[in-house]
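Q: Sequence:
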Amino acid sequence: MHAPRTFSDKFWLVIKGLCMGAANKVPGVSGGIVAFVGGFYEEFIYSLQKINIKSFKLLVNGRFKSFYQYINGQFLTLLIFGMLVSYFSISKLLDYFLAYKELYVWSAFFGMIIGSIYYISKDFDHWNKKTIPAGLFGLILGIAISFLNPATQNDNLIFIFFCGMISVSGMTLPGLSGSFILILLGNYVLLLVDSVNALYDTFSEILQGDFSFTQNHKRLNTLKILAVFTTGSAVGLVTLSHLLTYLLKHFKHITTAIIIGFITGSLGVVWPWKKTILKTAADGTLQVDSNGNQIIVNYERYFPELTSAETWWAFLFVLIGVFILLGLDWYGKNRK
Numbered sequence: 292m293h294a295p296r297t298f299s300d301k302f303w304l305v306i307k308g309l310c311m312g313a314a315n316k317v318p319g320v321s322g323g324i325v326a327f328v329g330g331f332y333e334e335f336i337y338s339l340q341k342i343n344i345k346s347f348k349l350l351v352n353g354r355f356k357s358f359y360q361y362i363n364g365q366f367l368t369l370l371i372f373g374m375l376v377s378y379f380s381i382s383k384l385l386d387y388f389l390a391y392k393e394l395y396v397w398s399a400f401f402g403m404i405i406g407s408i409y410y411i412s413k414d415f416d417h418w419n420k421k422t423i424p425a426g427l428f429g430l431i432l433g434i435a436i437s438f439l440n441p442a443t444q445n446d447n448l449i450f451i452f453f454c455g456m457i458s459v460s461g462m463t464l465p466g467l468s469g470s471f472i473l474i475l476l477g478n479y480v481l482l483l484v485d486s487v488n489a490l491y492d493t494f495s496e497i498l499q500g501d502f503s504f505t506q507n508h509k510r511l512n513t514l515k516i517l518a519v520f521t522t523g524s525a526v527g528l529v530t531l532s533h534l535l536t537y538l539l540k541h542f543k544h545i546t547t548a549i550i551i552g553f554i555t556g557s558l559g560v561v562w563p564w565k566k567t568i569l570k571t572a573a574d575g576t577l578q579v580d581s582n583g584n585q586i587i588v589n590y591e592r593y594f595p596e597l598t599s600a601e602t603w604w605a606f607l608f609v610l611i612g613v614f615i616l617l618g619l620d621w622y623g624k625n626r627k
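Residue numbers (the numbering used here): 292 to 627.
These aren't lab readings, by the way, just hints derived from the structure by calculation.
Straight-line C-alpha distance at most 27 angstroms; calculated DSSO-like pairs for lysine-lysine: (1) LYS543 x LYS341; (2) LYS345 x LYS356; (3) LYS341 x LYS301; (4) LYS356 x LYS301; (5) LYS420 x LYS543; (6) LYS413 x LYS540; (7) LYS392 x LYS509; (8) LYS383 x LYS566; (9) LYS543 x LYS413; (10) LYS565 x LYS392; (11) LYS624 x LYS413; (12) LYS301 x LYS624; (13) LYS515 x LYS383; (14) LYS540 x LYS345; (15) LYS341 x LYS540; (16) LYS383 x LYS509; (17) LYS392 x LYS566; (18) LYS624 x LYS540; (19) LYS543 x LYS421; (20) LYS540 x LYS421; (21) LYS624 x LYS543; (22) LYS565 x LYS383; (23) LYS356 x LYS341; (24) LYS420 x LYS540.
Quick list of simulated restraints, FRET-style, between CB atoms: (25) ASP300 x LYS624: 18 to 24 angstroms; (26) LEU597 x ALA525: 44 to 50 angstroms; (27) ASP414 x ASN447: 39 to 45 angstroms; (28) GLU591 x THR505: 38 to 44 angstroms; (29) PHE428 x GLU591: 25 to 31 angstroms; (30) PHE302 x LEU558: 34 to 40 angstroms; (31) ILE436 x PHE372: 33 to 39 angstroms; (32) ASN447 x GLY364: 31 to 37 angstroms.
Glycine is no exception: its CB is placed at the ideal position from the N, C-alpha and C atoms.
Let the hints inform the model, and build the full structure from the sequences given.
A: This is how it looks when you write it as structure tokens:
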């Protein structure tokens, strides 16, 4: 049994959910890091592990109060509420900045990933004959992915469900960013920007008594994608929490070494200075997918011009990204 929470406890739990949701949305920052430095990581994992066969039986038998208490329902409800509010607000901001300030957004992401590498590796003093090969394996795998053509956006529902399972990894494993994995899979914008914005717009229209979205096939398809992604995330959150807990319990140092190597090797994927190559037809017209979005087939990476003011602004955003992670680290050390 958990001690009764005061109003202040509940308020700050929602705020922590807001921060965790924002972190899950940003490539390079994992919600698990926020949970870790915020002091509620262990309770979060403990609560997720309570979603098991026993809790399912309580639910099926109609013992809803016992189910709610068993899974630490108040904690999860307040935390998830904060995450959902954050997802909608952050999504709108990202949508705007990706459209008008894309270089600065990716620069900040790049800096956050550098900071994330520092955060995971700073206290890792277990390099040995087992962890060094594991780290090299992760590094080579990350570099290999960086040199491959990036995955194109894929709205196959089975793949979307898989993306949902993978995307929640950062919530259960500090340092591994689920949204960063979605970038590697090519579905970051579709699942964490376009889909969430579609749901936000739909709710707004319903509140105004406007149901015209029911005739909008593109919107309905995007909402279907979001529903499948959410289902995959829920399944992944429960199953992955058990799997990652097992790996961290029995192979903690090897798992951490692989993650450090992988994220380091994958930095090229989020290199800010790149030109988008779009798919074109034989006559030179741009091709679009089933949702009407232009199809990205590759990125042409280049080194920035140091004489450009835009480049120096981008460098500043890289530093801002790094300092966000350093700030999290500082808070984790100094919180009471």
